[in-house]
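Trainee: This is what each chain is made of:
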Amino acid sequence: MAESHTRSAYGTARQAGGGRRSSRRPAALIFFGAVVAVVLFVWALAAAFEYVDGLVVADSHRVAETGEIVRTRFGGPLTTAEIVDYLPERLRFRPVSWLFWPLQFSLVRDAIAVTGLVGFVSVFTMYAIWWERKVAAHIQSRLGPMRVGGWHGWAQSLADKIKLLTKEDLVPAGADRILYRLAPYMAFTPVLLAFVALPFGTYWVLRNLDVALLFVLAMLGIEVIAVIVAGWASNNKWSLYGGMREASQMVAYESPMGLALLVPIMLAGTLNLAAIGDQQQAGFHMWVVFRNPFAAVAFVLYFVAALASCKRAPFDLPEAESELVAGFMTEYSGFRWGVFFFAEYTSMFVVSGLATTLFLGAWYSPLPAGWGEALAGGGVVARAAHGLLFSGPLWFIAKCVALVYVQIWLRWTLPRVRIDQVLYLFVQVLLPLGMVVLLGNTLWVFLVPEDGIVAVVANTLLCTAGVIVAAAFLGVAVVARARRYRLVGSLAVDHLPGA
Amino acid sequence: MRHALRWIVMAGVWSALAGTAWGAEAPVPPAESSSTILEAIAFYAMAAVALLSGLAILVSRNLVRNVVCLLAALGAVAGLYFLLAANLLGAIQLIVYAGGTLVLITFGVMLTSRPGSDRQLVRGWERIAGGVVCVTLFIGLCMVLLCTEWATVAASAEPTTVAAVGRALLTDYLVPFELASVLLLVMLIGAAYLVRRDGESGAEDDADRC
Amino acid sequence: MTAEEITAVLEQELADAIAGADSGGMHPHVWVTAVRLHDVMQFLRDDSRLQFNMLRCVSGVDGPASNEIDVVYDLLSMQPAVSELWRARHAFAVKVRLDRANPHVPSVADLWPTADWHEREAYDLFGIVFDGHPDSIKDHDGLHPQRILCPDDWVGYPLRKDYVFPDEYHGIPGKLEAVPPGPG
Amino acid sequence: MAKLTDKMVEGQPDLLADLDAETLATDDLLTEEMLVNMGPQHPSTHGVLRILLRTDGEVVREATPHIGYLHRCAEKIGENVAPFQFIPTTDRLDYLAAMNNNQTFSVAVEQLVGIEVPERAVTIRILMAELNRIASHLVSLGAYGLDMGAFTPFLYAFRERERIMDLFEAACGARLTYSYITIGGVTMDLPDGFTDACREFLEYLEPKIHEYNQLLSYNQIFIKRAGGVGVISAADAIAWGLTGPCLRASGVRWDLRRCMPYEGYEQYDFEVPIGLPQGGEPPVPPGVPQPRVPRGVVVGDCWSRYFVRVIEMYWSVHLVRQALDRLRPGEHKAKLPRSLKLPVGEIYFEGENPRGQLGFLVIGDGSPVPSRVKVRGPSFNNLSITSHVCRDCLLADVPAIVGSIDIVMGEVDR
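Line order of the protein sequences matches chains E, Y, F and D.
Counting in our numbering, the final residue of the first sequence is number 499, and the numbers go up one at a time with none missing.
Counting in our numbering, the final residue of the second sequence is number 1210, and the numbers go up one at a time with none missing.
Counting in our numbering, the final residue of the third sequence is number 2184, and the numbers go up one at a time with none missing.
Counting in our numbering, the final residue of the fourth sequence is number 3414, and the numbers go up one at a time with none missing.
It should be emphasised that the hints constitute simulated quantities derived from the structure, not laboratory data.
Where hints are given, some of them may not hold.
As the list claims (entries may be wrong) - A few chain E residues that face chain Y, going by a derived Cβ cut-off under 8 angstroms, partial list only:
| hint | residue |
| --- | --- |
| 1 | L217 |
| 2 | I222 |
| 3 | L439 |
Computed from a prediction, not measured in an experiment: that's the story for all the values here.
Note that beta-carbon positions come from the ideal geometry of N, C-alpha and C, so glycine has one too.
Working from the sequences, and respecting the hints, build out all of it.
Mentor: Structural data, given as C-alpha cells:
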C-alpha cells in the first residue's frame, strides 16, 4: 500500500513537470546507446570482414603457401583489388570497393579487432560485476541490485562506473605520485594484452602466436608487479601489507600453476592455444580433462592456482577486508579503484579462458565436430546453426562464464585462508602433487597405448564422472529453484500484528 | 631533471607494453608496404625505452621506482624479441624476468637490506679507479660493435616454433641442457640449505619467516 | 563457608589488618586497612579454606559526607570439578576506606591480572592511586595507573561527587551556556 | 614488562609518513618492527576499539587494546536518576542483549529493596532473556564468519535475528533498546498470538542452527583458521576474570544460571556446554543431531568459544519452550509506590548475559536515588586478555581472536 502511494505521488510530480521532461533526455540512455552502437558497429565490421575473408583469402592463401593453410583472421596480404574482384556482381559498383579500401592495411584490421576485443571485454566485465552481486545476493537469500535501470537492476555496474568517474581524483599525502597513478594501468594493460593471444574460435584470435600459452602466462605475471607497486606507493601500512602478501602469494602459486599447465601441453604437443583447442574437437570424450586421470587432477590443480592468481575466493589475502581494511586498494578511490576492479574481473575471464582452452575443449561443443561438417560451409543460417551446435565463440564464452560462476560461488561460501596456510598449501602440498601429476602423465603418454583397453576404460570412467558432476550441478539448481520458498522461509512469511 | 625522468618512465612502460602487443607481428612479415616503417619506429622506440629506463635505474634510489624502470627495460627487450619474430624468447623473457625475477628482487631486497649497509663512503681514489674502468670498458665495447661485421641474416621467413627449439634442445644441445639443469638443482639445494643453516629448523619456523 | 565463618577466620589469622566487619545483610564484607590490604588479599586467595580464585569486581565508592573514598573488592570462590558443574563455595567482599585528598592503596594486579584494568578504571574515574600497578606512568598527576576510559590528558576524576564538568576540552565546548574562549 | 603507551607512539617516527620518493633509501623498506593501528575505524574491531599492534612482518609481537571511545559514564547517570529511570541506560550497555541487561539490573534492585515479582512476570522475563540470548549469539556467529572472510553466514544469522526482532517489536514496540523488563516485572503484558508465533519461530530456527554447522563450523578452512588459535587455559581465564562462553570454552563448566541460580532458573532443566577436545560430543537437547568436535580443535581456542555459543543457542531454544509451557495468566507487574525509597545498604548481583556475567553494585542511602551504581561489564574483562593472548600470533589471527571473544564496546566503555 505504501509503495503504490509514493509511486502515484512520484507520478504526479512527473506530470507536473511534463512540459520540461521531453527536452531533458535521460543521460544514461544516450551514453548507453552510444556504447551499444559502437560495439555493434565494430562487430558488424568484423563480421563483414570475416565474411569477405572467408570468401577471398582462403583460396589466395592455399595457392601461395606450400599446401599447408596458414590462415589467420587478420593476417596475410590482402589488397582492395583482390577483394573487389571476388565480390558478387551486384556489389561491384564503385562505392562498395571504395568502402573496402581501408581494409587492406593490416594496421586498420588490427585496430578493428582490438576495438571489438576491448568492446567485448568491457561489456563482459561490467556484467560480471553485476552478475557477481546478483549471485552473491541469491546465495545469501536476498535480492541484490533491483532498482537501477529496470529489470533486476541490469544497469547497476554502469551506474557504478559513472559514479566512479565523477568521484574526486585524490592522491594520498606522502604517496609516490607517479607510481600511485601508474599502478592501476600497469595492472589493467597486461590483462587486456592477454586477449591478444587468447583464441575465441579457430580463426577468432588476434595473433595466432606459436607461444600463446607462455604469452598469456607472462601477462598474468606482470599484473603482480602492479599490485606490489600499488601497495607500496599509497603510503599506507595496510596497503604495504597487501602488496607484500601478493608478492609472497605469487611466489607460491606460480610453480604449481606452471606444472599443471605442462600436462595439456604434453598431450597436445604445442603451445599454440588455437592448435590445442582444435585437437579437442572430436566430441567431449576427447577433452583433455577426460583424457587421463592425471589431466583431471591437473585441471583441479590449475584452477586452484588460478584462483590464487586473480586473488579470488579463499585466497583473496591481498585485499582482505577483515584484516587489511582493503589491502593494496585501501587508498584508491574513484576511477583508479574501478580500473583495479576491472583488471580483477578481466583476469578472472582470462584465467577461465585458459582453463577452457586447455582442459574443457575450448570452443567445441560436447557433440563431435565431425557431425557438423555439412553445416559449416553453408549459408549464414547454416553457419549460425554450426556455431550454436558444434563450435564457435559462443561455446568458448559459455564455458568461461560457467568457470567464472564457480569462482563467484566459491568466494561467497568459503572463509579466507591465512597467509602461512596459503604458502604451506601451494609449496608443500600442490607443488609435489603437480610433480606427481606431471610424472604420471608422462608415463601415461608413453606406456599406455593411445586406443588400448586401459586408455578407453580410463576415458569412459572420467567421462561418466564428468557427466555425473554436470548433472548434479543442474539437478541441485533445479531442485533448489523448485523449493526456493521453503528453503528461504522468512522472506515469504507474514509479519506479526505489532511489527 | 625529475620531470624528464617521469616522462621517460611513462613513455617507457607504455611503449614497452604496446610494443609487445603490436610487435607480435603475423608470421609472414610482408616484404614491402608500409609495415617496415612501422617496424623501424617500433624498433627505435623500444631500444630507446630499454636504454633510458636502464639509465633511470641508475639515477633513482627509490627501490620501487627501480622496479618499474626495470620492468620497462625488460618489457622493451621482450618487445625487441617479438619484433625479431622470436616469439618464444619474448614470452620467456616476460615470464622469467618481468614476472618472476623482478618480484623476487623486490622481495629479496626489501627483506634483507640492513639499514645503512649500502651507504659506503666513496673516497677520492676509488672514484677515479671506477671512472677508468668504465671508460676502458666503454671503448672496448664500441670497438667490438664497430669492427666486427655482423652476419646480417635475411629476415627469417618462419619464426622459430617452439617445437624446433625443443627438438634442438634435446638433440643437438642435450649436454649443455643437462648441465644447466644440474646447476639449477645444486643452486636450489644450496639455497634451501643456507636458509636452514640460518638457525631455524623444522617447518613451523617457515611460517614465521614469511 | 558462611560470611560469619569467613570473618572469624580472617580475624583469627590477621587480626591487626581487620578494621571492622559486617557479615549480615546482602553484601557481607570486611573492612581492611589500606596498608595491610595486599597481605589480606594474598591470604584470601591462597588459604586452603577460603580459596577466593576469582576477583569479580573492583569498584570505587565516593562518600563526600564522611570525606572518604572506599574501594570495594568483590571476590568469589569457585569449587572446580572435572566434568560436572563447578560449585560456588562462597562470595565475599573486602572494603578499604581511604582519605579523599590522597587515596593510596597497594595494587592486587599481581594476584589477579583482571585487577589491572579495573584499577586503571578506578583511578581514571575516582583518582584512587594503586601503588605498584604494572601499567603506571608518571605525568602531571605524579606516578599513577594509566587512564583507561578518559583521554590521557583529561583533568579531574568524573565519578567524584564534587566533579565539575570542564567548560571545554581542546576547543570542544563542554557546556551549552559557557561560550569557550575563541581558539587561537 | 615495558608497557606500550600513547606517549611512546608519538615518539615513534612514522616510517612512511614523510615518504618522498627521491630521498627514501632502500633500508627504510626493511620490515623491522612497525607500529600499526588496527582501529578505531576498522572493519573487524566490532565497534570503536583501537588495537595498537607492534608487528614484525606478518607476526604480531604485541597487541595493546585502547578503549574509551564509547565512554558515556553510565555510572554517573546511575547516581542521578531513580532505578526505573536507569533501565533505558542499561539497554545501551550491551546493546545486543538489552533484555538481559534490564533483567539483571531489575533483579539487583528488587533484591536490594525486597520486592516480590509475580510468577507470570518472572516467566516472561526468562522467555525474553533467552530469546535475546539467541539473537545476541546469532550476531556474534555472523560477525565471526565475517572476520574469517565468509560473508554468507552473516546474512543468514541476521535473517533469523529479524524474526526475533519481530517478536520483541510485537511485545514492546522496540527492536534494539527495549526497556521492557523493569523493576517489579515487565512494562506490558504479552500481545495475544505471541506464544504461537514464538513456538513457530523455534520450530523454524532449530534446523537452521544445524545448517550453520554444515556451512561454517565444520568448514575445513574455518577450522584451520580458528582451531588451535588464541588458546586460553582455564587458570588464565579465571585469573583474567573471563566469564560466559569465553570461560566455558576453556573447560570451566560454570554458568550463573545453574551455579548461583536466580529468577527461578533452577526449575528449568538445561545443560551447560563447555569447550571439548577433539572428538568430544557437547550435550545437546533431545531431537537435535549430535554435533562432534572436529580434528585440530583444542580446549579454550577460538573454535571452542565459537562452538559453545552455537550449543548455547540450542539450549536457549529448549529453555524458551519450557518457559512458554510454564506461562500462567496473572499479574505482569508488582504494585510499587510512586517513588521507591531505596533502603540504606548495598548489594552486588551478577546475572548471566550472553557475553558473560554482568554485575551491578547498587548502594542505597534511603533516598529514591542510589548513591552508587557500579557496572561490571563482562566484555570489559574478556577484552583485557587480548594483549596476553595475541602475543606472537599472525596478523590475520588478531581479528580471529578478538572476534571469538565477542566484545560489545557499549559494555566495555560504559
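Trainee: Using 8 angstroms as the Cβ threshold, decide whether L217 of chain E counts as touching chain Y.
Mentor: Cβ of L217 of chain E sits 6 angstroms from chain Y, so the hint holds.
Trainee: Quick one, is the L439 of chain E hint okay against chain Y at 8 angstroms, beta carbons?
Mentor: The hint is violated - L439 of chain E has no Cβ within 8 angstroms of chain Y, the shortest such distance being about 16 angstroms.
Trainee: Would you check whether I222 of chain E satisfies its interface hint, that is, whether its CB is within less than 8 angstroms of any CB in chain Y?
Mentor: holds, 5 angstroms
Going through the hint list in order, the structure does not satisfy hint 3, though it satisfies all others.
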